[in-house]
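Peer 1: Chains as they are written, first to last, in this note's numbering: chain A, 189 to 577; chain B, 47 to 196.
Hints are computed from structural coordinates only; laboratory data are not their basis. You can trust all of the hints, since none of them are fake.
Here are the simulated BS3-like pairs of lysine-lysine, each with C-alpha atoms no more than 25 angstroms apart in a straight line: (1) A:K409 - A:K234; (2) A:K190 - B:K70; (3) B:K67 - A:K193; (4) B:K67 - A:K569; (5) B:K67 - A:K190; (6) A:K507 - B:K70; (7) A:K494 - B:K70; (8) B:K70 - A:K193; (9) B:K67 - A:K507; (10) B:K70 - A:K569; (11) A:K210 - A:K449.
Each chain, written out:
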Amino acid sequence: MKIRKVYLDNASTTPTDPKVLKAILPYFQDKYGNPSSLHALGRESKNAIETARNNIAKHIGAELEEIIFTSGGTESDNLAIFGIARAYKEKGRHIIVSSIEHKAILDACKKLEKEGFEITYLEVDKNGLVSLDLLNSSIRPDTILVSIMYANNEIGTIQPIKEISRIIRNNKLSNPIFHTDACQAVGALPIGVEDLGVDALTMSSSKIYGPKGGGCLYINKKYRIDPIMVGGGQERGSRSGTENVAAIVGFSEAITISENKRISESKRLIILRDHFLQRIEKEIEGVFINGDKKQRLPNNINLSIKGVEGESLILLLDKYGVYCSTGSACSSLDLDPSHVLIKIGLPLELAHCSVRFTLGRHTKKMDVDYAMEMLLRSVAKIRSISSMR
Amino acid sequence: MKKTKNKYKCFSDGKDWVYSKTVKEHFFFPRNILLDETDYKADGVGTVGSPECGDVMIVWIKVNKKTDRIKECKWRTFGCASAIASASMMSVMATEKGGMELKKAQTLKPQQIVERLGGLPDRKFHCSVLGHEALRGAVNDYLKHKNAGQ
Chain A
189 MKIRKVYLDN ASTTPTDPKV LKAILPYFQD KYGNPSSLHA LGRESKNAIE TARNNIAKHI
249 GAELEEIIFT SGGTESDNLA IFGIARAYKE KGRHIIVSSI EHKAILDACK KLEKEGFEIT
309 YLEVDKNGLV SLDLLNSSIR PDTILVSIMY ANNEIGTIQP IKEISRIIRN NKLSNPIFHT
369 DACQAVGALP IGVEDLGVDA LTMSSSKIYG PKGGGCLYIN KKYRIDPIMV GGGQERGSRS
429 GTENVAAIVG FSEAITISEN KRISESKRLI ILRDHFLQRI EKEIEGVFIN GDKKQRLPNN
489 INLSIKGVEG ESLILLLDKY GVYCSTGSAC SSLDLDPSHV LIKIGLPLEL AHCSVRFTLG
549 RHTKKMDVDY AMEMLLRSVA KIRSISSMR
Chain B
47 MKKTKNKYKC FSDGKDWVYS KTVKEHFFFP RNILLDETDY KADGVGTVGS PECGDVMIVW
107 IKVNKKTDRI KECKWRTFGC ASAIASASMM SVMATEKGGM ELKKAQTLKP QQIVERLGGL
167 PDRKFHCSVL GHEALRGAVN DYLKHKNAGQ
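Bound-form chain A, shown alone:
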């Protein structure tokens, strides 16, 4: 069988859409001004980022001053946690997050613990869903912030954001600020902030066929935020640093395309994903699906294959041109298995055997079928070498 290249790691990053690339190219050599400069070249760039801001705000139902441009998801998450915590620390020092948040949230929380904050890491059920009762009973008079991701990047689980918002707003002890990391949700799920009931929201350009290096934090104008990048005072003092004009323009273009395609793409991906999943469950023994089967991102497949270690599987698939990822300890920089898989109660042995396929805009049925064939081949090879059968 001829080796083809099939990219199934779209949750990690996506290729930039050709329309997006066309839109951002002028900002490197023609329209290269610094938006803070007073001359015509500067004003031109300023206009570009304000147009982008207007567009992005429109798509989520926000006001212009509620969008802070950042370098991406991690910075936005860090800004949300550090910025809100420090701005409201006189009011309270308790923060609630789910235990399966992205490390950009969790590690920021760990740092805040050293600054005297107390963090509650909400346990999740075996599908990765947060318990609404547990959340409600965790809110205290000194709770200032709740951060729960809209959709999980590893297992695709979608949280009941509207219900969570209702719980927070109706709580008798405190009504903390509600932030959600929506990096994986944009392009797949609705992102109207009023409808969702969120006070702050993180978005990343590179997950939606925009360029890497761009993203934003939405934060309702009611609330203050302490900047983590200080200096020139850009973004109304909330995020200093010369704006990455190209990335911002690209992000705006990407979100427009993404929102236009959201409903049709979601439908198409669900069919492809389920076809892949059906074949896997039928043709491979000892497979465990990780994450909720229904409340799940349209493009996400995360499974554990008994006796087949994750890194070895990924590298074999790589040789066959299939690009995906794993939650196995062996593949991570810190040698720990994925915290998400551990928190949903997956036995360590199966956490080491996990593989994640995330389909994308360019994925066709023949790509999925090719990946399936290579998966069968790879699993057979590794199982023949394996001491765990």
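Could you slot chain B onto chain A? The hints should help.
Peer 2: Below, chain B alone, put in the same frame as chain A:
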């Protein structure tokens, strides 16, 4: 547990794989795998590791009783590419040049395996440790039965 130092670190410059050519070779084409142990009459068996750690290795050896050298060294492993390549290289080292003397097999160091592999990334060094422990286990198992038989 004494921590052995990784003398043969290799760094990834992003151009190629994080692994050396030799590691790749032994990962894609591992030597001395025992596909089915049902009818294999091993002289010694060593098992090391745990599924929770993500690494389990089994080593089967046959010993040349006259020369006290390893005649055959077969294995299977559950683990990452480093673990597979390390086991494969270990099995080659154990059986080349007429076979390793039992005493040498008992004292084989992970650095020796890593050196032959052309180096492993620092954080992967521990994967090579399983190979030499499993071999030692197999040799000890053989010696235990040999002494019990006498």
